[in-house]
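**Q** Residue numbers (numbering that gives the first Met the number 0), protein chains in the order written: chain A, 0 to 508; chain Y, 0 to 305.
Bear in mind the hints are in silico, worked out from the structure with no lab data behind them. Warning: the hint list may mix true and false statements.
To be verified - Cut-off 20 Å, straight-line C-alpha distance, at most; resulting in silico cross-link-like pairs (SDA-like, lysine to any residue):
#1 LYS401(A) with ARG48(Y)
#2 LYS121(A) with ARG48(Y)
#3 LYS119(A) with GLU44(Y)
#4 LYS251(A) with PHE153(Y)
#5 LYS119(A) with ARG48(Y)
#6 LYS398(A) with ARG48(Y)
Said to hold, decoys possible - Ranges of calculated distance between the beta carbons of each label pair, as one might list FRET restraints:
#7 LEU59(Y) with PRO208(A): 50 to 58 Å
#8 ARG122(Y) with GLU369(A): 17 to 25 Å
#9 ARG2(Y) with ARG385(A): 52 to 60 Å
#10 HIS302(A) with GLY73(Y): 52 to 60 Å
#11 ASP27(A) with TYR98(Y): 25 to 33 Å
#12 VAL28(Y) with ASP350(A): 23 to 31 Å
#13 LYS251(A) with TRP60(Y): 54 to 62 Å
#14 GLY242(Y) with ASN487(A): 35 to 43 Å
#15 ALA9(Y) with CYS428(A): 56 to 64 Å
#16 PRO43(Y) with GLU389(A): 22 to 30 Å
#17 SER68(Y) with LEU137(A): 48 to 56 Å
#18 ALA9(Y) with ILE254(A): 52 to 60 Å
Unchecked claim - Here are some chain Y residues pointing at chain A (derived, C-beta under 7 Å):
#19 LEU34
#20 LEU37
#21 GLU45
#22 GLY76
#23 TYR80
#24 ALA81
#25 ILE147
#26 ALA154
#27 SER163
#28 VAL250
Virtual Cβ for every residue (Gly too), placed ideally from N, Cα, C.
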Amino acid sequence: MHRFLPAVAVLAVLLLLPVVVAAQTREDTVVYAIQGDLPNWDPPNSVLRESIILGYHVFDHLASRDLKTGKVSPSLATSWRPLDDTTWEVKLRQGVRFHDGSPFSARDVKATFDRVLDEKNKLTARGNHLKIKSVEVLDDHTVRFKTDGPYPLFVERLTAQVIQSEKVIRDKGHEWMQRNPVGTGPYKLVRWTEKQEHLLVRNDDYWGPKPAFKYARVRIIPETATQIAELISGGVDVIKAVPPDQMDVIDKSGIARTASSPILRTAMLQLDQAARSGPNPFTDRRVRQAANLATDMDAVIKHVLNGLGDRTATTVNPMAFGFDASIKPYKQDIDRAKKLLAEAGYPNGIDVNFLTMPPIVEPGLRQTTEAIVADLAKAGIRTKQRYIGEIGPYVTQVKEGKAGPMFEWSWGYYSVFDADAILYDVMKCNEAYSYYCNKELDDLIQAGRSTLDPKKRTEIYAKAQRLIFDDAAYIYKWGLRGVWGISNRVDYEAPRDEIDRMFVVKPRK
Amino acid sequence: MRRYIFRQLAQLVVVIFGISILAFGILHVIGDPVLLLLPQNAGPEEFERYRRLLGLDQPLWAQYWRFASHAIQGDFGKSWYADVPAFGLVLDRMPPTIYLTLAGLVVALLIALPLGILAALKRHSFMDNVCTMLAVAGQAMPIFWLGIMLIIVFAVRLRLLPASGYGTWQHFLMPAFTLGAFLAPITMRLVRSGVIEVMNMEYIKTARAKGLAEPRVVAKHAFRNACIPVVTVLGLQFGQLLGGAIVTETVFAWPGVATLTVESIRNQDFPVVQCAVVLLALIIVIVNLLVDLVVGFIDPRIRVGA
Numbered sequence: 000m001h002r003f004l005p006a007v008a009v010l011a012v013l014l015l016l017p018v019v020v021a022a023q024t025r026e027d028t029v030v031y032a033i034q035g036d037l038p039n040w041d042p043p044n045s046v047l048r049e050s051i052i053l054g055y056h057v058f059d060h061l062a063s064r065d066l067k068t069g070k071v072s073p074s075l076a077t078s079w080r081p082l083d084d085t086t087w088e089v090k091l092r093q094g095v096r097f098h099d100g101s102p103f104s105a106r107d108v109k110a111t112f113d114r115v116l117d118e119k120n121k122l123t124a125r126g127n128h129l130k131i132k133s134v135e136v137l138d139d140h141t142v143r144f145k146t147d148g149p150y151p152l153f154v155e156r157l158t159a160q161v162i163q164s165e166k167v168i169r170d171k172g173h174e175w176m177q178r179n180p181v182g183t184g185p186y187k188l189v190r191w192t193e194k195q196e197h198l199l200v201r202n203d204d205y206w207g208p209k210p211a212f213k214y215a216r217v218r219i220i221p222e223t224a225t226q227i228a229e230l231i232s233g234g235v236d237v238i239k240a241v242p243p244d245q246m247d248v249i250d251k252s253g254i255a256r257t258a259s260s261p262i263l264r265t266a267m268l269q270l271d272q273a274a275r276s277g278p279n280p281f282t283d284r285r286v287r288q289a290a291n292l293a294t295d296m297d298a299v300i301k302h303v304l305n306g307l308g309d310r311t312a313t314t315v316n317p318m319a320f321g322f323d324a325s326i327k328p329y330k331q332d333i334d335r336a337k338k339l340l341a342e343a344g345y346p347n348g349i350d351v352n353f354l355t356m357p358p359i360v361e362p363g364l365r366q367t368t369e370a371i372v373a374d375l376a377k378a379g380i381r382t383k384q385r386y387i388g389e390i391g392p393y394v395t396q397v398k399e400g401k402a403g404p405m406f407e408w409s410w411g412y413y414s415v416f417d418a419d420a421i422l423y424d425v426m427k428c429n430e431a432y433s434y435y436c437n438k439e440l441d442d443l444i445q446a447g448r449s450t451l452d453p454k455k456r457t458e459i460y461a462k463a464q465r466l467i468f469d470d471a472a473y474i475y476k477w478g479l480r481g482v483w484g485i486s487n488r489v490d491y492e493a494p495r496d497e498i499d500r501m502f503v504v505k506p507r508k
Numbered sequence: 000m001r002r003y004i005f006r007q008l009a010q011l012v013v014v015i016f017g018i019s020i021l022a023f024g025i026l027h028v029i030g031d032p033v034l035l036l037l038p039q040n041a042g043p044e045e046f047e048r049y050r051r052l053l054g055l056d057q058p059l060w061a062q063y064w065r066f067a068s069h070a071i072q073g074d075f076g077k078s079w080y081a082d083v084p085a086f087g088l089v090l091d092r093m094p095p096t097i098y099l100t101l102a103g104l105v106v107a108l109l110i111a112l113p114l115g116i117l118a119a120l121k122r123h124s125f126m127d128n129v130c131t132m133l134a135v136a137g138q139a140m141p142i143f144w145l146g147i148m149l150i151i152v153f154a155v156r157l158r159l160l161p162a163s164g165y166g167t168w169q170h171f172l173m174p175a176f177t178l179g180a181f182l183a184p185i186t187m188r189l190v191r192s193g194v195i196e197v198m199n200m201e202y203i204k205t206a207r208a209k210g211l212a213e214p215r216v217v218a219k220h221a222f223r224n225a226c227i228p229v230v231t232v233l234g235l236q237f238g239q240l241l242g243g244a245i246v247t248e249t250v251f252a253w254p255g256v257a258t259l260t261v262e263s264i265r266n267q268d269f270p271v272v273q274c275a276v277v278l279l280a281l282i283i284v285i286v287n288l289l290v291d292l293v294v295g296f297i298d299p300r301i302r303v304g305a
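Working from the sequences, and respecting the hints, build out all of it.
**A** This is how it looks when you write it as structure tokens:
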């Protein structure tokens with residue numbers, strides 16, 4: 000019998016496939032477009048956002064973000080609590096099954112994390128979980144995580160780790176898992192046609208709310224203009240990252256509409272306070288304050304970005320844990336800016352190099368930059384722009400400390416909704432992407448990392464924000480907004496975590 | 000003839016070697032691939048570990064030697080993203096690109112041959128001026144723009160064709176026309192000047208003197224001789240055509256090797272880029288070799304000369 004099994008399996012698939020596909024119509028299918036294909040169907044083995052998004056359809060996570068409240072809420076885990084500073088206990092959902100029919104249990108959670116953390120497996124997600132030392136199975140539905148020191152981001156990070164099956168990891172192995180996802184999620188993968196599309200079918204045994212559309216097709220369309228054409232000709236239902244100047248085309252089509260949502264990314268102009276690329280005027284706090292006072296960011300958001308931005312007082316995003324709304328952003332005051340410059344020894348203003356990049360992550364970047372540069376010049380901060388058109392070399396320059404006294408930057412928090420996720424990487428001494436160094440801030444960042452008490456952490460981050468505001472570490476801009484294009488045949492809300500979920504899309508009545 | 004082919008093959012080796020060094024050098028100048036490969040928060044040890052894993056910590060010449068010595072055996076290494084052999088990945092994506100290029104070529108010839116001949120025969124007439132205008136317009140139109148315009152007209156407004164994708168004959172029409180329109184103008188101008196030149200030759204007068212009907216003169220005597228420069232230039236243009244395919248594939252979400260290459264350059268997936276560049280260069284060189292042979296076939300003088 001064993002000899003025939005592969006043949007039987009192939010035959011069964013061949014017989015079933017046409018049936019599945021033939022039954023699929025436009026009416027019971029929601030179509031979603033992404034710009035590039037996935038490298039594999041093994042989300043921990045990819046750093047692409049698309050892998051996270053599609054991962055949400057076929058797999059589940061221990062926790063996921065409630066799009067209404069913005070809080071992390073239960074998914075495969077039903078509850079979690081810290082037992083002490085370095086131990087988290089997680090209770091798991093019962094009665095959940097993987098797509099291959101095997102029941103979900105604590106052993107799958109352990110196997111998932113063991114696999115990711117094992118250096119030999121070369122999984123890129125390992126970097127996300129280095130603080131986890133071990134995972135212990137207590138019973139079928141309870142696990143304990145041991146961490147290396149207090150780890151307040153533990154719960155946040157659970158939202159980005161798909162749970163895979165122990166049986167699959169053990170029996171099928173790494174190679175097989177690259178193309179064959181076995182999850183517990185709302186959709187199952189039917190077929191992956193590389194560089195073209197993924198066809199997903201509803202998991203009718205799903206433990207949670209079942210998707211309204213029986214099929215989800217994810218099409219790979221690299222060019223934004225083509226995505227928009229597909230959207231307004233009815234070929235696609237949801238597209239993301241619509242350029243602001245194209246919103247009108249969609250809204251006036253009568254076929255589709257746009258929706259925007261704040262996203263977890265803050266834009267700024269970094270100033271080289273730490274003098275990483277040599278001596279420069281911005282090592283003087285008064286010059287940095289002058290730069291902040293020179294610019295009218297509210298006007299830029301309103302007139303240049305058509306309101307597609309949320310002003311922030313510092314680098315900390317309003318959606319991040321620890322955000323302090325009581326700090327009011329700098330208001331434009333050219334006279335004071337000039338006075339501060341004069342006090343710092345520059346009565347005739349300064350000339351500085353300014354490194355700029357293409358508008359890949361920040362919509363309308365060229366236009367907003369021009370507006371900001373004009374404001375700065377009014378106060379006597381004259382900039383000489385140097386442009387790098389590719390994001391890879393740009394990041395390398397920044398990382399190697401060669402970005403100069405002033406450069407464009409934005410930070411996506413690697414999707415962790417916590418102040419620590421920007422303060423540590425972008426503002427701490429000697430970090431690769433940080434051109435700021437302040438011992439006092441470093442102590443606060445460290446303090447925020449060494450307690451699990453949310454109240455204490457809130458206070459710590461409030462102090463940190465006050466400090467970087469008063470010290471005018473960088474020129475603070477705004478929190479970005481994403482724009483989605485949505486077909487009028489469906490109901491869907493733009494997700495604030497930038498993880499599109501086709502399983503919550505509903506047909507419009 | 001054999002010596003000629005042998006010389007061409009020797010050149011091929013030199014060209015491929017040069018291209019591989021160029022591709023290798025440029026890739027290493029763009030930046031650190033590990034930066035894109037790992038999450039931003041991975042930490043320095045993790046970055047170092049990956050660099051060692053991919054052999055990026057070794058001196059450049061050692062890295063190139065390792066790449067070249069394996070590549071000769073058809074082993075271009077594994078894609079750093081997809082974790083499968085780069086050679087297979089590129090080969091899988093080859094057919095759609097070849098279909099598209101051939102379809103573009105056919106469209107270009109369908110436009111260029113009749114119009115070119117017509118323009119030559121009715122020189123300085125109204126028809127000739129129209130053809131010249133079309134050629135100039137075609138040459139001035141960026142592929143990218145034409146592709147999007149076609150999508151807006153035929154997919155968004157008229158709803159006749161799918162805006163993008165791959166699979167049915169309807170999917171072929173717009174990309175093939177876009178690519179064809181890119182190649183047609185230069186081909187048409189060549190056909191026109193080729194035919195004009197040939198029509199003044201003695202043997203055409205002879206053919207006419209023999210009492211052959213004009214269509215037969217054009218088809219049998221003029222056209223075949225006018226073909227020689229056209230075929231040569233088409234061969235040289237083949238590289239351009241592949242370049243045009245990159246843009247066309249991107250606009251129409253065509254799952255070919257060009258989109259794969261662009262995506263891999265973005266991701267700095269060195270093995271895939273190197274494999275694709277070397278294979279594409281190989282194709283261009285081989286096509287040019289074939290063109291030389293075809294020209295020899297059309298024009299016996301070249302065969303004799305060699």
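**Q** Hint by hint, note whether the structure agrees.
**A** Hints, verified against the model:
Taking the CA atoms of LYS401(A) and ARG48(Y), the gap is near 24 Å; set against the 20 Å cutoff, the hint is violated. The suggested pairing of LYS121(A) with ARG48(Y) holds, with an alpha-carbon distance near 10 Å, which does not exceed 20 Å. In summary, the hint linking LYS119(A) to GLU44(Y) is supported, as the alpha carbons are separated by about 15 Å, within the 20 Å threshold. Of the pairs offered as hints, the one joining LYS251(A) and PHE153(Y) holds, with about 19 Å between alpha carbons and a cut-off of 20 Å not exceeded.
Proposed proximity of LYS119(A) and ARG48(Y) is supported: the alpha carbons are some 11 Å apart, at most 20 Å. A hinted pair counts as satisfied when its Cα atoms are at most 20 Å apart, and LYS398(A) with ARG48(Y) qualifies at roughly 18 Å. At about 55 Å, the beta-carbon gap between LEU59(Y) and PRO208(A) stays in the expected band of 50 to 58 Å. For ARG122(Y) and GLU369(A), the Cβ-Cβ distance of about 52 Å falls outside the hinted range of 17 to 25 Å, so the restraint is violated.
Separated by about 54 Å at the C-beta atoms, ARG2(Y) and ARG385(A) satisfy the suggested range of 52 to 60 Å. Distance hint check: the CB atoms of HIS302(A) and GLY73(Y) are about 58 Å apart, consistent with the given range 52 to 60 Å. Separation of ASP27(A) from TYR98(Y) is about 32 Å and conforms to the stated range, judged on CB atoms against 25 to 33 Å. For the pair VAL28(Y) and ASP350(A), the beta carbons lie near 30 Å from each other, so the given range of 23 to 31 Å is met.
Roughly 58 Å separates the CB atoms of LYS251(A) and TRP60(Y), a value that falls within the hinted 54 to 62 Å. A hinted range of 35 to 43 Å for the beta carbons of GLY242(Y) and ASN487(A) is consistent with their spacing of about 39 Å. The given range of 56 to 64 Å is respected by ALA9(Y) and CYS428(A), whose C-beta atoms sit roughly 59 Å from each other. Take PRO43(Y) and GLU389(A): their Cβ atoms lie about 24 Å apart, and the range 22 to 30 Å holds.
In this structure the hint that SER68(Y) and LEU137(A) lie 48 to 56 Å apart at CB holds, the actual value being about 53 Å. Evaluation of the 52 to 60 Å hint for ALA9(Y) and ILE254(A) yields a pass: the beta carbon distance comes to about 59 Å. Look at LEU34(Y): its Cβ gets to within about 6 Å of chain A, closer than 7 Å, so that hint holds up. The restraint placing LEU37(Y) at the interface with chain A holds, with a minimum CB-CB distance near 6 Å, inside the 7 Å limit.
Contact between GLU45(Y) and chain A, as hinted, is supported at the beta carbon level, the nearest pair being about 5 Å apart and thus within 7 Å. At its closest, the beta carbon of GLY76(Y) sits 14 Å from a beta carbon of chain A; the interface hint therefore is violated under the 7 Å criterion. Taking 7 Å as the C-beta contact cut-off toward chain A, the hint placing TYR80(Y) at the interface holds, the least distance being around 4 Å. The restraint placing ALA81(Y) at the interface with chain A holds, with a minimum CB-CB distance near 4 Å, inside the 7 Å limit.
For ILE147(Y), the suggested interface contact is upheld, since its CB lies about 5 Å from the closest CB of chain A, less than 7 Å. Hint status for ALA154(Y) relative to chain A: holds, with the closest Cβ pair at about 5 Å, below 7 Å. The interface hint given for SER163(Y) holds, since its Cβ lies 5 Å from the closest Cβ of chain A, which is under the 7 Å cut-off. Interface restraint check for VAL250(Y): the shortest CB-CB distance to chain A comes to about 5 Å, inside 7 Å, so the restraint holds.
Hint check: violations occur at hints 1, 8, 22; the rest are consistent with the structure.
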